[in-house]
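The lines below spell out each chain.
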Amino acid sequence: MIPTLSGNQGLQIEEPLIFEQDSPGASGVDLPDAPAIDDRLGGLARQGRIGLPGLAEPTVVRHYTRLSQKNVGIDSVFYPLGSCTMKHNPRLNEKLARLPGLADIHPFQPQGTVQGALELIDTCAHWLKTLTGMPAIAMSPAAGAHGEFCGLMTIRAAIGARGETRPRILVPESAHGTNPASAAACGFSVDPIPATARGRVDVAALKAKLGPDVAALMLTNPNTCGLFEDEILEIAAAVHDAGGYFYCDGANYNAIVGRVRVADLGVDVMHINLHKTFSTPHGGGGPGAGPTVLSQALAPFAPLPAVVHDAQGFRLIEHAAQSGAMPVGRIKGYHGQFGVFVRALAYMMSMGADGLRQASSDAVLNANYLLAELSSDLSASFEGPCMHEALFDDRFLKDSGVSTLDFAKALIDEGFHPMTMYFPLVVHGALLMEPTETESKDTLDRFIATVRGLARRARDGAAESFKAAPVLTPRRRLDETTAARTPVLRWKPPAA
Amino acid sequence: MRYLPLTEADRQAMLAAIGASSTDELFRDVPAAARRGQPVDLPFHAGEMEVEARFAAMAAKNMAAGSVPFFLGAGAYRHHVPATVDALIQRGEFLTSYTPYQPEVSQGTLQYLFEFQTQVALITGMEVANASLYDAATACAEAAAMAARITRRKKVLLSGDLHPHYRSVTVSTLQFTDIAVEALDPDPLGLEDLLGRVDSQTACVMVQNPGFFGRLKDLTALAEECHAVGALLVVAVAEPVSLGLVTPPGAMGADIVVAEGQALGNALNFGGPGLGLFATREKYLRQMPGRLVGQTVDADGRRGWVLTLSTREQHIRREKATSNICTNSGLCALAFSIHLSLLGEEGFTRLARLNHARAVTLAGKLARLPGVKVLPQSFFNEFALLLPKDAAQVADALAARSILGGVPVSRFYPTYPELAEVLLVAATETTSEADMDAFAAALSEVLQ
Numbered sequence: 001m002i003p004t005l006s007g008n009q010g011l012q013i014e015e016p017l018i019f020e021q022d023s024p025g026a027s028g029v030d031l032p033d034a035p036a037i038d039d040r041l042g043g044l045a046r047q048g049r050i051g052l053p054g055l056a057e058p059t060v061v062r063h064y065t066r067l068s069q070k071n072v073g074i075d076s077v078f079y080p081l082g083s084c085t086m087k088h089n090p091r092l093n094e095k096l097a098r099l100p101g102l103a104d105i106h107p108f109q110p111q112g113t114v115q116g117a118l119e120l121i122d123t124c125a126h127w128l129k130t131l132t133g134m135p136a137i138a139m140s141p142a143a144g145a146h147g148e149f150c151g152l153m154t155i156r157a158a159i160g161a162r163g164e165t166r167p168r169i170l171v172p173e174s175a176h177g178t179n180p181a182s183a184a185a186c187g188f189s190v191d192p193i194p195a196t197a198r199g200r201v202d203v204a205a206l207k208a209k210l211g212p213d214v215a216a217l218m219l220t221n222p223n224t225c226g227l228f229e230d231e232i233l234e235i236a237a238a239v240h241d242a243g244g245y246f247y248c249d250g251a252n253y254n255a256i257v258g259r260v261r262v263a264d265l266g267v268d269v270m271h272i273n274l275h276k277t278f279s280t281p282h283g284g285g286g287p288g289a290g291p292t293v294l295s296q297a298l299a300p301f302a303p304l305p306a307v308v309h310d311a312q313g314f315r316l317i318e319h320a321a322q323s324g325a326m327p328v329g330r331i332k333g334y335h336g337q338f339g340v341f342v343r344a345l346a347y348m349m350s351m352g353a354d355g356l357r358q359a360s361s362d363a364v365l366n367a368n369y370l371l372a373e374l375s376s377d378l379s380a381s382f383e384g385p386c387m388h389e390a391l392f393d394d395r396f397l398k399d400s401g402v403s404t405l406d407f408a409k410a411l412i413d414e415g416f417h418p419m420t421m422y423f424p425l426v427v428h429g430a431l432l433m434e435p436t437e438t439e440s441k442d443t444l445d446r447f448i449a450t451v452r453g454l455a456r457r458a459r460d461g462a463a464e465s466f467k468a469a470p471v472l473t474p475r476r477r478l479d480e481t482t483a484a485r486t487p488v489l490r491w492k493p494p495a496a
Numbered sequence: 001m002r003y004l005p006l007t008e009a010d011r012q013a014m015l016a017a018i019g020a021s022s023t024d025e026l027f028r029d030v031p032a033a034a035r036r037g038q039p040v041d042l043p044f045h046a047g048e049m050e051v052e053a054r055f056a057a058m059a060a061k062n063m064a065a066g067s068v069p070f071f072l073g074a075g076a077y078r079h080h081v082p083a084t085v086d087a088l089i090q091r092g093e094f095l096t097s098y099t100p101y102q103p104e105v106s107q108g109t110l111q112y113l114f115e116f117q118t119q120v121a122l123i124t125g126m127e128v129a130n131a132s133l134y135d136a137a138t139a140c141a142e143a144a145a146m147a148a149r150i151t152r153r154k155k156v157l158l159s160g161d162l163h164p165h166y167r168s169v170t171v172s173t174l175q176f177t178d179i180a181v182e183a184l185d186p187d188p189l190g191l192e193d194l195l196g197r198v199d200s201q202t203a204c205v206m207v208q209n210p211g212f213f214g215r216l217k218d219l220t221a222l223a224e225e226c227h228a229v230g231a232l233l234v235v236a237v238a239e240p241v242s243l244g245l246v247t248p249p250g251a252m253g254a255d256i257v258v259a260e261g262q263a264l265g266n267a268l269n270f271g272g273p274g275l276g277l278f279a280t281r282e283k284y285l286r287q288m289p290g291r292l293v294g295q296t297v298d299a300d301g302r303r304g305w306v307l308t309l310s311t312r313e314q315h316i317r318r319e320k321a322t323s324n325i326c327t328n329s330g331l332c333a334l335a336f337s338i339h340l341s342l343l344g345e346e347g348f349t350r351l352a353r354l355n356h357a358r359a360v361t362l363a364g365k366l367a368r369l370p371g372v373k374v375l376p377q378s379f380f381n382e383f384a385l386l387l388p389k390d391a392a393q394v395a396d397a398l399a400a401r402s403i404l405g406g407v408p409v410s411r412f413y414p415t416y417p418e419l420a421e422v423l424l425v426a427a428t429e430t431t432s433e434a435d436m437d438a439f440a441a442a443l444s445e446v447l448q
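Going line by line, the protein sequences match chains H and B.
Residue 1 is where the first sequence starts when you use full-length UniProt numbering, and the numbers rise one by one after that.
Residue 1 is where the second sequence starts when you use full-length UniProt numbering, and the numbers rise one by one after that.
Hints were generated in silico from the structure; no laboratory data involved.
Careful, some of the hints might be misleading.
Unchecked claim - Restricting the straight-line Cα-Cα distance to at most 16 Å, the calculated cross-link-like pairs of lysine to aspartate or glutamate (EDC-like) are:
(1) H:K95 with B:E52
(2) H:K209 with H:E234
(3) B:K365 with H:D38
(4) H:K207 with H:D191
(5) H:K467 with H:D479
(6) B:K320 with H:D191
(7) H:K441 with B:D10
(8) H:K95 with B:D86
(9) H:K441 with B:E8
(10) B:K61 with H:E119
What you are looking at is a predicted structure, and each value in this text was computed from that prediction instead of being measured.
Using the sequences and the accompanying hints, generate a full structural model.
Structure (structure tokens):
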């Protein structure tokens, strides 16, 4: 930090909270006066000030513009965040999502006035079912974890319908944290499966744990080590033979779209993160969507609503009595993340069957290129080929005094968003890189050169510079311990 | 293909560096039986013009709310969103960033979420709020589970004036847990007695204000009753604009407030994505679901923000987490927050007064029609209307006259014949006097 009179660092402006810029009486919206009426509030009019600050429009525009400049996105930098599929977000998607005929429609309009919206949901569902080869889909889950929950609900219901009780779910140690959390939310207990030295499920250990009390195996494939579970057909068969279901976590679906249909892998249910694989923006943490494809065995239990098509046109099934099935009920308000479906379908139609296949091929090629080019300087955890992400661990930093975290923070000063760190948990000090197919070779080459240079610098004993990083960012490392110990979660007016 | 930067020459050079002869070789771990040699049976890639044409055709088959007199609500409200909101949320640094796990390069997201948490706490009258959940319906289920954790009790009581989707999502979501959910019958007349149903086994009572049928309620006595037996009061708010004019749940003794934030900053979008708001008392903080942003300092002592208290969350606690939620509604929260920043104290209260005035005017016009009755005495910007005819048929007949004239309650409760003639009608600042007159005239015709 260079000392300045204003505290600003050049064009990087220090920006106070909106509450600290209150200009009482100011507003950024001009609204007409309300006509005089006798109110019908039943004596429940709000008393006293709410405490919201008053700001004119220019102040608001400058505030959020300055905040945006303290952020990075895929638009600004290479963002190889493993497991998150940070690919380009096409602006055509955004344009189409704002068409009044798609954005300005209400979920409870008479269905004859929203035939285009229902057609869009049905078309999106058709693309996802065709790509995965699965016969059914639940469109309403709001995100990946919600899709997991949806899938596990159908499994629980299907087992109940068989007159059985199966309380256990098997989850590999390398799984995302949402897997065990979703299983617990569905009333299951979680039993971990170890990984082999090849970074894959230990099939012998899995088989030993299978039994009449196991409801399902939850497996991410390609797995979180970036590897394809090459014994997957044997795994699926073993789970099915034991009377269980095979839940595939589709977080890494981007590696195989158009090249492998999950139906051909013996999968019973898989959620699809539209905000990863199908290019809808992550938006700083959402909204996403987690449509969940289902096998014939689980389809009757899919939550409501569903869109059906007959001679009269498209129709929403909103109640169990209309469906002729045994739905697990409703898990989300309205009809799913419609605005996200618009974007995902725009992407799928833009890419087409040929483009989606090329995208997964390029995603895998880019990751293998990183794995090949970085293996001499970093320590690859497993032998390749990898799928769409390359996993390294911290052996290359041994005795350097530099941690995975330090290495990632140094990368920020070099103009790259860090890779995923310390996940998966099955290797020490993990660095998980997912380049996606929307990065050029030139970008990858510059990243490779930088990472190699940093690795050399770490070996050469420059630990202090790593510990200090980042230094070129709006803020340097933040004190997370204090934040958690004495939580300050909102602004409060200074004591008078 | 416009989204793919690699050229064929790049691919060959990269394969050479890897030591592979083809991309297919990189997929060799896929069992041969599952490898597909050809693209699946779907159309091939298309340019922007073709894709736009496909979407324009689908959009044209929908009746856009803004193109006709429009009176729908039932938890999704059409307000005017200032142009500034959409311009700012489309800045790529907001739109295309991930969850702010690297705080040094995410201070923008973290600061607006801190401001959002403060705004939500202020308007609901609560002490703390989280950084958003998916929508109000899923937030209700989370609130019920949180109340069960706090009280170590297993009985949840849902008011019949709760939005039917909030109710069914709560029931479905908790069906495989040890929490027992009792949902009371729909209550269009405001007759239910919650006070008499709370006992020492109750984890929480969940009510909505304004209610699904429009009614405004003083919940103070209910809150006292709940607290007297150690239960929590959860209050759901479907229309956040009401909080600019109506006594907030926090001032009536609520322990948890959940709300749908869509109405501020966000379009209708056919009902999704939504924005779940979640606020509570400070003492319950560690049982809260969802992400939280907290204030701290950096290595130079400058104020900054980080994600905090993450030991509640799934990526740390796995099966012992307070919720499985990961992705939330970040960008919708940004839109909400910018809209509320633009409104400010003056604008927000003015907007709320305008909404109420429009609804009162509309209620007056409709109540003059023969056989039509406005059910709630008090309401904010929406009320249930009892018609002398089947409400679903009336809504269809109005749509045929290019008027989107309300939501028939039978859509949610097809098995309650006594609700067949109840229509929910809403007005906002976008509802003009001319719209109201057109609606009243058409309704009068349809009811003949």
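Okay, the hints, checked on the actual structure:
Between K95 of chain H and E52 of chain B the alpha-carbon distance is near 9 Å, which keeps this suggested pair within the 16 Å criterion. Simply put, K209 of chain H and E234 of chain H have alpha-carbon atoms about 15 Å apart, close enough for the 16 Å limit, and the pair holds. About 14 Å separates the Cα atoms of K365 of chain B and D38 of chain H, which keeps this hinted pair within 16 Å; it holds. Of the supplied pair hints, the one linking K207 of chain H and D191 of chain H holds, its CA atoms being roughly 13 Å apart against a limit of 16 Å.
The hinted pair formed by K467 of chain H and D479 of chain H meets the criterion: a straight-line CA distance of about 14 Å does not exceed 16 Å. For the hint linking K320 of chain B to D191 of chain H, the alpha-carbon distance of about 13 Å falls within 16 Å, and the restraint holds. Using a Cα cut-off of 16 Å, the hinted pair K441 of chain H and D10 of chain B holds, with the two alpha carbons roughly 7 Å apart. Taking the CA atoms of K95 of chain H and D86 of chain B, the gap is about 11 Å. The hint holds against a cut of 16 Å.
Taking the CA atoms of K441 of chain H and E8 of chain B, the gap is about 11 Å. The hint holds against a cut of 16 Å. Annotation: proposed proximity of K61 of chain B to E119 of chain H holds, straight-line Cα distance about 9 Å (limit 16 Å).
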